Amino acid sequence: MTDKQKKQITGSEVLIKCLENQEVEYAFGIPGGVLIPIFDKLVNSKIKFILTRHEQGAIHMADGYARVTGKPGVAIATSGPGATNLVTGIMTAHMDSIPIVIITGQVVTPLLGKDAFQEADIIGITMPIVKHSYLVKNVNDIPRIIKEAFYIASTGRPGPVLVDIPKDVSTDIFAADMDQEMDIPGYKVPAKGDKKDIERMAGILKGSKKPLLLVGHGSVISSAEKEVKALAEKLRAPVVSTLLGKGGFPESHDLSLGMLGMHGTAYANKALINCDLILSIGSRWDDRINGNTEEFCIGAKKLHIDIDEAEIGKIVKADSYVVGDAKLVLRDLIKLIEPLDTSEWLKECEYYKKQFPLKYDNSKGLTIPYIIDEIYHLTKGKAIVCTDVGQNQMWSAQFYKIDDGKDWYSSGGAGTMGCGFPAAVGAQFGRPKDIVVAICGDGGFQMTIQELSTMAIHKLPVKVFVMDNKYLGMVRQWQELFFDNRLSGVDLLGNPDFVKVAEGYGIKGININDVKHARARIKEALDYKGPVLIHCEVHKEYNVFPMIPAGKSAFHMMIDPPKAKK
Amino acid sequence: MANTDKKDIHTISFLVANKPGVLVRVALAFAKRGFNIDSLVVSPTTNAKFSRMTITAQGSPETLEQIIKQTSKLIDVIRAEEHSEKETIHRELALIKLKHTPSTKPIILKQAEKFKAKLISEEESFLIIEHLGTTAQLDELEAILKKYNVVELVRSGKLVIAKGRDST
Numbered sequence: 001m002t003d004k005q006k007k008q009i010t011g012s013e014v015l016i017k018c019l020e021n022q023e024v025e026y027a028f029g030i031p032g033g034v035l036i037p038i039f040d041k042l043v044n045s046k047i048k049f050i051l052t053r054h055e056q057g058a059i060h061m062a063d064g065y066a067r068v069t070g071k072p073g074v075a076i077a078t079s080g081p082g083a084t085n086l087v088t089g090i091m092t093a094h095m096d097s098i099p100i101v102i103i104t105g106q107v108v109t110p111l112l113g114k115d116a117f118q119e120a121d122i123i124g125i126t127m128p129i130v131k132h133s134y135l136v137k138n139v140n141d142i143p144r145i146i147k148e149a150f151y152i153a154s155t156g157r158p159g160p161v162l163v164d165i166p167k168d169v170s171t172d173i174f175a176a177d178m179d180q181e182m183d184i185p186g187y188k189v190p191a192k193g194d195k196k197d198i199e200r201m202a203g204i205l206k207g208s209k210k211p212l213l214l215v216g217h218g219s220v221i222s223s224a225e226k227e228v229k230a231l232a233e234k235l236r237a238p239v240v241s242t243l244l245g246k247g248g249f250p251e252s253h254d255l256s257l258g259m260l261g262m263h264g265t266a267y268a269n270k271a272l273i274n275c276d277l278i279l280s281i282g283s284r285w286d287d288r289i290n291g292n293t294e295e296f297c298i299g300a301k302k303l304h305i306d307i308d309e310a311e312i313g314k315i316v317k318a319d320s321y322v323v324g325d326a327k328l329v330l331r332d333l334i335k336l337i338e339p340l341d342t343s344e345w346l347k348e349c350e351y352y353k354k355q356f357p358l359k360y361d362n363s364k365g366l367t368i369p370y371i372i373d374e375i376y377h378l379t380k381g382k383a384i385v386c387t388d389v390g391q392n393q394m395w396s397a398q399f400y401k402i403d404d405g406k407d408w409y410s411s412g413g414a415g416t417m418g419c420g421f422p423a424a425v426g427a428q429f430g431r432p433k434d435i436v437v438a439i440c441g442d443g444g445f446q447m448t449i450q451e452l453s454t455m456a457i458h459k460l461p462v463k464v465f466v467m468d469n470k471y472l473g474m475v476r477q478w479q480e481l482f483f484d485n486r487l488s489g490v491d492l493l494g495n496p497d498f499v500k501v502a503e504g505y506g507i508k509g510i511n512i513n514d515v516k517h518a519r520a521r522i523k524e525a526l527d528y529k530g531p532v533l534i535h536c537e538v539h540k541e542y543n544v545f546p547m548i549p550a551g552k553s554a555f556h557m558m559i560d561p562p563k564a565k566k
Numbered sequence: 001m002a003n004t005d006k007k008d009i010h011t012i013s014f015l016v017a018n019k020p021g022v023l024v025r026v027a028l029a030f031a032k033r034g035f036n037i038d039s040l041v042v043s044p045t046t047n048a049k050f051s052r053m054t055i056t057a058q059g060s061p062e063t064l065e066q067i068i069k070q071t072s073k074l075i076d077v078i079r080a081e082e083h084s085e086k087e088t089i090h091r092e093l094a095l096i097k098l099k100h101t102p103s104t105k106p107i108i109l110k111q112a113e114k115f116k117a118k119l120i121s122e123e124e125s126f127l128i129i130e131h132l133g134t135t136a137q138l139d140e141l142e143a144i145l146k147k148y149n150v151v152e153l154v155r156s157g158k159l160v161i162a163k164g165r166d167s168t
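One line per chain: the protein sequences are A and B, in this order. Sequential numbering of the first sequence, starting at 1, is according to my numbering. Sequential numbering of the second sequence, starting at 1, is according to my numbering.
Simulated from the structure, these hints should not be mistaken for lab results. Keep in mind it's a predicted model, so treat the numbers as computed, not measured. Just to be clear, a hint being listed does not mean it is correct.
[Unchecked claim] When the alpha-carbon atoms are kept at most 30 angstroms apart in a straight line, the in silico DSSO-like pairs for lysine-lysine are as follows:
1) A:K382 with A:K529
2) B:K163 with A:K188
3) A:K188 with B:K49
4) A:K301 with B:K73
5) B:K116 with B:K99
6) A:K71 with A:K314
7) A:K406 with A:K226
8) B:K69 with A:K195
9) B:K73 with A:K406
10) A:K552 with A:K354
11) B:K49 with A:K147
12) B:K49 with B:K163
13) A:K302 with A:K195
14) A:K137 with B:K32
15) A:K114 with B:K49
[What the hints assert, rightly or not] Stretches of chain A that chain B covers, calculated by requiring three or more beta carbons in the stretch to come under 8 angstroms of a beta carbon on chain B:
16) 9–21
17) 177–188
18) 306–319
Beta carbons are placed, not taken as given, at the ideal position from N, Cα and C, and that holds for glycine.
Given the sequences, and given the hints that come with them, work out the whole structure.
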C-alpha cells in the first residue's frame, strides 16, 4: 500500500487517538449535533464514555475523578446550551485548581459568529474561569493542542483547559504528523524554590516559639503529605488545614488541630490567634480562613510557599516566601531547619483541644454531625468523602478526619451546591475498589439528582447520604443568627420521599429518622454492595458551630450558640 | 507638564503570542480589578509569532503588581514588565483637527511650530496637525490648542522601548 492509498483519517479520529495517548480512561458528557462525528469515532475507542443526564453532572464527575486519582478528568459537551451547562463546573474546578480537559463541539467555521443554531461563544463565556482555552481552526493542529491542553491542565497550579472544536474541523482530513511538539513559550512551571528564599525562610523559622503550619490544597495537589509530616514532626509544630487542605497532613495525627476558619475547630482558630509564626504551604489565605486581614495573626511572622507567584502578597503580605512546588520546596527546607522547643506551645494547643472540643447534641433529635461521626467510625476513616456545600459540608469537614488528601472532595472556592453527588460518582469511577461516601444536603442534592441514573446504570456502589432538614440550612442558620430569625426563601417544603426516588431509579433506599436506629442503618448502607441512597431525616434547626461571622477575624469566633436566642 | 507623569500612571509592556483572543485575556485581568486602561497599542515584533502590547493604566502600585503577576500567568503572555521612564524611550503621536478662522490660523501654526508639530492637511477651514513627542509634550500642545476650536483628537497611545541592551 502506498502512502497515497493510506487510509485518510479525520479530525475526530485524530482527537480520539490523542485522548487515548493521554491515557484517558473515562470521558463524561452528553453528545449533540456537532459532536456526532467525534462520537462516531468513540465507538471503537478504549475510552469509556459515560453518558450523564446533564452536562453539569459530567463536569463534576470529571472533577471528582481528577481529585481522587490525581489524573486530569475529561468532559465533553455539545455546542451552545451543552457547553454553557458546563460553566458552573468549570468555575468550580478553576477556583479549586483541578485539572480537567473540556472538549466542546462548535458550529462549522463558516458560521462562527453568525448566530448559528446552537452557537455559543464558549471561549468568551469561559475565559475568566479557565486556565487556558483553544478554538481549533485547523485540523492539523489537533495533536499539538491536545498535548498542550493536558500538559497545561495538570502541571504547575492545575486548572481546567477548554478545547472548542468546530464540526467541520472534526470532519476535515488530517494531513500532518501525529507526533507534534508543544509550542507554549509563555508557560513556565515552577519546580524547586530559590535557594536564597528557602534559606531566608529557614532563618525566620529558627526564631519561632509558637509556630503553626497551615496546610492548603497546594500540599495535596503536590502530594507533599510525607514532606509536610516530616516538617511538622521535625519542628514539633501543630498543623491546621484549610477545607481543601484536609489530608495534606493526617488529621488523626497528634499534631493536627483540624480545619481552621469560619467553621473550623475552636482549637485551630485559638492556635491561629496565639501563634507567633504561621507557614502556609499551598494555601491562598482566602476569606473563609482570614475574614479580616487587619486582624489576621497579629504580630505573627507570615511565611508563604506557593507554586503560583500571583498568590504571593495577594491577600497577606508575607515576611518570607518561596515560589515552587510544595514537595520540592519542603524537601530543601527540612534540611535547613532544627527542631524547635515548642513544648509549652503544644501544651497550650492541647489545652484548647480539651477545653473546646467539637461536639453535637442529639437530645432534640437526630443531628447531621452525629451521622457523619458514625460514618467516620464505621468506615475507620478510610472512605473517600465527597461533600456538597453548606452545613453538610462544614460538619463533614469537622467530623470526618481525613488522612490522605486524595480521599476528600469538597467545593472550596466556588461553594457549588449540587457538585458533591456527581463528584462522588466520578470518584467511584476513578477508584472502583474504595468506599465512596457522598454527603449531601437536601437542597444541593436536588440540583443534580438526575445523576442517580448514571450511578444506577453503572451499578456504582456510592453511599449517598441525603441530609434532609427540609431547609437550605446554612442560609437559614445565618438568618437565625444575624437576621432575627426572619426566614426567607429557605423552606424546602415539597421535598420528595427520597427513598422512593431512589427506588424509582432502581437504587436501594434506606431511611433514617431517629437516633436509636441510626447506627445500624448507616452500617447496613455501608455494607451494602451496590448503589444506595440513605435518606436522613434530621433535626430541622440544628446549627454549625464554632462559627466566625463573615468578614470578622478569629477573635470573634462563636464557639457555642448564642445563649439569648430561643 | 510634569503632572501627567503622576506616580500612579504605569506603563506595562507585554510580549505575547500572536493569536486571537490574547488581547481579551490581558484586558480581562485589568477589568477584573477595576483598572481602567488609558491607552493600548498592539503591534508586530521582529518575530511574526509574537506581538507587543503596550498598556498605560492608572492605579495603586500594589494592584498593578497583582495585575502583572496575573497577566504573566496567562499562557499566551511570554513576558510582562513595567517600565520606568528612566530606562526607556517613549513616544506618542497625536493627530489634531481644528476648525480655524482667518484670525486663528497664524496663531495655531505658530504654536504648532514651537512644538515641532506639522501641518499635514488643510481642507476648507479644517487643519490637521501631527505631533510626535512624549505624552507630556502632547498633553501640553493639546492644552494650548484647545482654545482654538479643536474638533477631533486622535492619539496613538504610548509606545515604549527599553534603552541600551535591555529588552522591552
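Against the structure, the hints come out as follows:
As the CA atoms of A:K382 and A:K529 are separated by approximately 17 angstroms, the hinted pair is consistent with the 30 angstroms bound. The suggested pairing of B:K163 with A:K188 holds, with an alpha-carbon distance near 27 angstroms, which does not exceed 30 angstroms. Between A:K188 and B:K49 the CA atoms are separated by roughly 18 angstroms; this keeps the pair inside 30 angstroms, and the hint holds. Between A:K301 and B:K73 the CA atoms are separated by roughly 27 angstroms; this keeps the pair inside 30 angstroms, and the hint holds.
The hinted pair formed by B:K116 and B:K99 meets the criterion: a straight-line CA distance of about 20 angstroms does not exceed 30 angstroms. Pair hint A:K71 plus A:K314 holds up; C-alpha atoms about 28 angstroms apart against a cutoff of 30 angstroms. Distance check on the hinted pair: A:K406 and A:K226 sit about 13 angstroms apart at the alpha-carbon level, within 30 angstroms; holds. For a cut-off of 30 angstroms, the pair hint linking B:K69 to A:K195 stands: about 21 angstroms separates their Cα positions.
For the given pair, B:K73 sits about 26 angstroms from A:K406 by alpha-carbon distance, which is consistent with the 30 angstroms threshold. Proposed proximity of A:K552 and A:K354 is supported: the alpha carbons are some 25 angstroms apart, at most 30 angstroms. With a CA separation close to 20 angstroms, the supplied pair B:K49 and A:K147 stays within the 30 angstroms bound. For the given pair, B:K49 sits about 23 angstroms from B:K163 by alpha-carbon distance, which is consistent with the 30 angstroms threshold.
For the suggested pair A:K302 and A:K195, the alpha carbons sit about 19 angstroms apart, so the restraint of at most 30 angstroms is met. For the suggested pair A:K137 and B:K32, the alpha carbons sit about 28 angstroms apart, so the restraint of at most 30 angstroms is met. Annotation: proposed proximity of A:K114 to B:K49 holds, straight-line Cα distance about 28 angstroms (limit 30 angstroms). Look at the region 9–21 of chain A against chain B: 0 of its residues bring a Cβ nearer than 8 angstroms to a Cβ of that chain, fewer than three, so the hint is violated.
With 4 residues having a Cβ less than 8 angstroms from any Cβ of chain B, the region 177–188 of chain A passes the three-residue criterion, so the hint holds. For the region 306–319 of chain A, the stated coverage by chain B holds: 6 residues have a C-beta nearer than 8 angstroms to a C-beta of that chain, and at least 3 were required.
Checked against the numbered hints above, the structure violates only hint 16.
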